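K.L.:
Single-letter residue listing:
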Amino acid sequence: MRFVLKTNYDQDVKVFLHNGQRFWYGLLALAVLLAPLVLDRFYLGEFAYLYIWAIAGVGLMLLVGYTGLVSLGHAAFLAIGAYAHAWLLTQGVPFVLSVPLATAFCAIIGYIVGLPALRMTGIYLAIATLAFERIAAWVIEHWESVTGGHFGMRVPDPMVFGMSLDGPVPFYYLCLGILGLSLFAALNLLRSPTGRAFIAVRDSEVSAQSMGINLARTKCTAFALSAAFTGLAGTLFSHRIGYLAPDAFTVQTSIQLLLMVVVGGLGSLQGVVYGAIFLGLLPQAIAIGRDVLPQWIGEIPGLEPGIFGAILVVFLIFEPLGIHGRWVKVRLWFDQFPLYRRATYKRQRSYLRTERVR
Amino acid sequence: MPVNESRGFGKPRMIPRVFACGTRRAHTTLEILQLLIIGISQGCVYGLIALGFVLIYKATEMVNFAQGDMMMLGAFIAFSLIEAFDWLFAFVPVLAGLPGASFAFAFLGTLFVMAAFGVVLERAVLRPMIGEPPFAVLMLTIGLGFVLRAVAGAIWGNQPRALDSPFAGGTFDLGGLIVGYENVAIVVGTALLCGVLYLFFRFTRIGVAMQAASQNQLAAFYVGIPVKRVFALVWAISAAIAAAAGILVAPVNLIDPLMGFIGIKAFAAAIVGGFGSLPGAIVGGLLIGIAEPFVALHLPPGLSEVSAFVILLAMLVVRPQGIFPSLQQKKV
Amino acid sequence: MSLLEAHDLSVSFGGIKAVRDVSFTVEPGEVFSIIGPNGAGKTTIFNLVSRFYEADSGGMAFDGMDITGAPPHRIAELGIARTFQNTELFEHESVLTNLLIAHHVHRRTNLVTDLLFLPGARRQELDFRRRVEDVIDLLDLQSYREQPIGGLPYGARKMVEIARALCLEPKLLLLDEPSSGLNPEETEDLSFWIEDIVAELGITVAMVEHDMNLVATVSDRVMAMADGAELATGDPTEIQNHPDVLRAYLGD
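Here the protein sequences line up with chains G, L and X, keeping their order.
Quick note: the first sequence, position 193, residue 192 per numbering that gives the first Met the number 0, numbers continuous.
Quick note: the second sequence, position 272, residue 271 per numbering that gives the first Met the number 0, numbers continuous.
Quick note: the third sequence, position 144, residue 143 per numbering that gives the first Met the number 0, numbers continuous.
Extracted from the complex, chain G is given alone in its bound form:
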């Protein structure tokens, strides 16, 4: 086990604790940067897709994993980001301006959605965000002059300074770059007062208030930030699918986003990436399974969401801390071998406490 002897406070603030971490993450960065050299079109596209999910996941993780507010309506922010961006592009706004504008728009909507959240916790908030998602979907379906209604709208190509980013390689780097920035921003947030205020609100609202944290402002900020990241993912998502239609964003999308952060591991940014990888690989695995298994199984309606659901159930019962939590345990087991205590993680429960006290 590596023990770091800290000699100054700067070390606590660093992103990477020691050289080992720096080495492995550096290797990972190199691998994803060089990936276009070896991967073909299809896989590059899939990777870019995975990065988009991860960006949205960062947003949802900040909200669910760090602030303890559950949203069943994040598909709405994805949709709003995508539509706002596509609409701005059709109005002739350049790509480099349209992305931040759409993101900012999502942040504003998120802030507004967060306002009633002040008086709600837990399930109330979850259901309120679900209601918001339904209403947003209704608006998108019926605001035909902007969104094209049921017929949808074509998304113009991403052009940066006269150069198209639509090819698989440039789009890959675009998504990777934005994911990198998003993760970095989230990391920064979590080592500074704003992120700690989120955590405080998650663990104890009463205590957070007595520490001088403004609950209303913190919750709304969390919502706005979360919506902004998800909207940012939405802008990229619009280019990925090329043609926006209302049925690309459903409650199921929201639930997949949530599934991603839960399966990845609540309360860790690594969890977001694990969750995105998981979510990206699963449909491929199911497609392969369809070829192998008897035909009638492959033809079951709703098979894919059914498998998603089953995996969610299994994770929540057996590994509530998600893939990241499992990884931490495995690593600890090797570090402490043969002294690992089975009960090491016994006391730890996931987030959000009961709102019902009698």
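It should be emphasised that the hints constitute simulated quantities derived from the structure, not laboratory data.
The reader is advised that the hints may include incorrect statements.
Claimed, not checked - A partial selection of chain G residues facing chain X, derived with a Cβ cut-off under 8 angstroms: (1) Pro169; (2) Arg190; (3) Ala196; (4) Ala199.
What the hints assert, rightly or not - Residues of chain X placed beyond 12 angstroms of chain G at every Cβ, according to the derived structure: (5) Asp65; (6) Asp139; (7) Ile148; (8) Arg246.
Computed from a predicted structure; not experimentally measured.
Heads up, the beta-carbon is just placed ideally off N, CA and C, and yes, glycines get one too.
Guided by the hints, dock chains L and X onto chain G, whose structure is given.
P.N.:
Chains L and X in isolation, oriented as in the chain G frame:
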């Protein structure tokens, strides 16, 4: 990863045929009554599902998002049982020609099967989650809903099916006011169920024990109430209620694996009523059920589908504790 | 001028008068204790001062400023820190993070600087950490520094909570039953620490406490309550022998 199950929460198929002539003209008292009846019967269905939510929440502090899917499962089981009893009764001379005999048997059979299913579900899936945060349970039941839908799809297929119910099709004509048998059946069925539940909680020993467990699990345990068994019973009852709702709504609404999506509106109803209040669940369900046909007639198309959510959001902003509040602030 | 001044505070919950016309002052630099049987309304008074409860009548002023209608988070900004009867820590985080959260009131950065972690944010972060270490040293919490709260023994949690309150660098510290759940040895340590906090850090302390020994050792003035009303206020020995107080505790 969009999964090919993109249908939202149902098209306006909940609005029955009476509406086909949705022209906007000045309406008479009769029309208002007509809408009211449709709204009330739909509201009863929401109310019944909401009742299941609230029961489970009150007793176990878990939120069962799969309540709508349990309703779907109940309807499918009733469908199969009716077929089975039809076949069986063909050999029994007394019952052979009796209208509704297989329906009646299947109704009871479904309640029983679903109650057993509720117990199994509680034991296998939800008991390990006791003490976990509500959010985890919420996610778990969402996942469960997906699984139930896939299972139902695997067994019964994706084709909508009609339940062979004695209430289907017939209508009363009360001086121009047309009331479907199925609407009457829903309202009467809901009233009966509520009555039975009231008596159960008020007067039976186990009912009182359940109330105690819902107030304070630990204290109930200390005074000798078998809390785990009570939980299993709560799940059994709410699964049976869901099944009853499914059978009652089936004649109005065809059965298919996605019919459980109305559970989300029922959830809205439960919160509007004040989550944790049993009468609130019914009142909230009625409110949302009644609002829908009126919104469908007077406001832009499609809005009736989201009216439940608009009402919910308005309620949460104005009076977050619901019509019948039951939550309290945390004490420090 | 008194540091905290409360006059005629009343609050009732569903017909039960939890606090009835209670007035008191806390003077700068003293240790002020509130004692009384269970249900006397002691914690309710703290919750009124923290603004978790809305007073039905009466008013409060802190440091010459009216706080009767202030929002709860404002109280901490003005310089009142508190601990809780059953500890309300941020369970999933380390002791260090818990203490850092308390520095929130001193933050000078905003969302944007935090997102980018600009040099100002880094400097602030280092400054917070230095000050947190001072508190860790003062209360001897070094061994728990990186541990998550979830795994700490109860006594340590109590101390972490006091440390967290100190990290706010308050003028007034409200301690709600600091000795409950501590063993006699730990309680004795606690009394030294309270004296240190007053003497070295110049923080005024108000506490709700059942342990008469502790109260008598550290308090300058004591207010006794019963059934939501004030019985008597005075120095510890005076209160211990006050006939009304004896009656409240022992019955007639």
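K.L.:
Was the hint right that Arg190 of chain G lines chain X, CB cutoff 8 angstroms?
P.N.:
holds (7 angstroms)
K.L.:
Is the nearest Cβ of chain G still more than 12 angstroms from the Cβ of Ile148 of chain X?
P.N.:
Check fails; 9 angstroms does not lie beyond 12 angstroms.
K.L.:
Under the criterion of a CB-CB separation shorter than 8 angstroms, is Ala196 of chain G in contact with chain X as hinted?
P.N.:
holds (6 angstroms)
K.L.:
If we take the beta carbon of Arg246 of chain X, is the closest beta carbon in chain G still more than 12 angstroms away?
P.N.:
Holds, because the least Cβ-Cβ distance between Arg246 of chain X and chain G comes to about 33 angstroms, which exceeds 12 angstroms.
K.L.:
With d taken as the least Cβ-Cβ distance between Asp139 of chain X and chain G, does d exceed 12 angstroms?
P.N.:
holds (19 angstroms)
K.L.:
Can you verify the interface hint for Pro169 of chain G: is its Cβ closer than 8 angstroms to any Cβ in chain X?
P.N.:
Not OK, violated: Pro169 of chain G not within 8 angstroms of chain X, min 26 angstroms.
K.L.:
Verify this label for me: Asp65 of chain X is non-interface relative to chain G, using a Cβ-Cβ cutoff of 12 angstroms.
P.N.:
holds (18 angstroms)
K.L.:
Take the shortest C-beta to C-beta distance between Ala199 of chain G and chain X; is it under 8 angstroms?
P.N.:
Holds - the Cβ of Ala199 of chain G comes within 8 angstroms of chain X, reaching about 5 angstroms at its closest.
The structure does not agree with the numbered hints 1, 7 stated previously, though it agrees with the rest.
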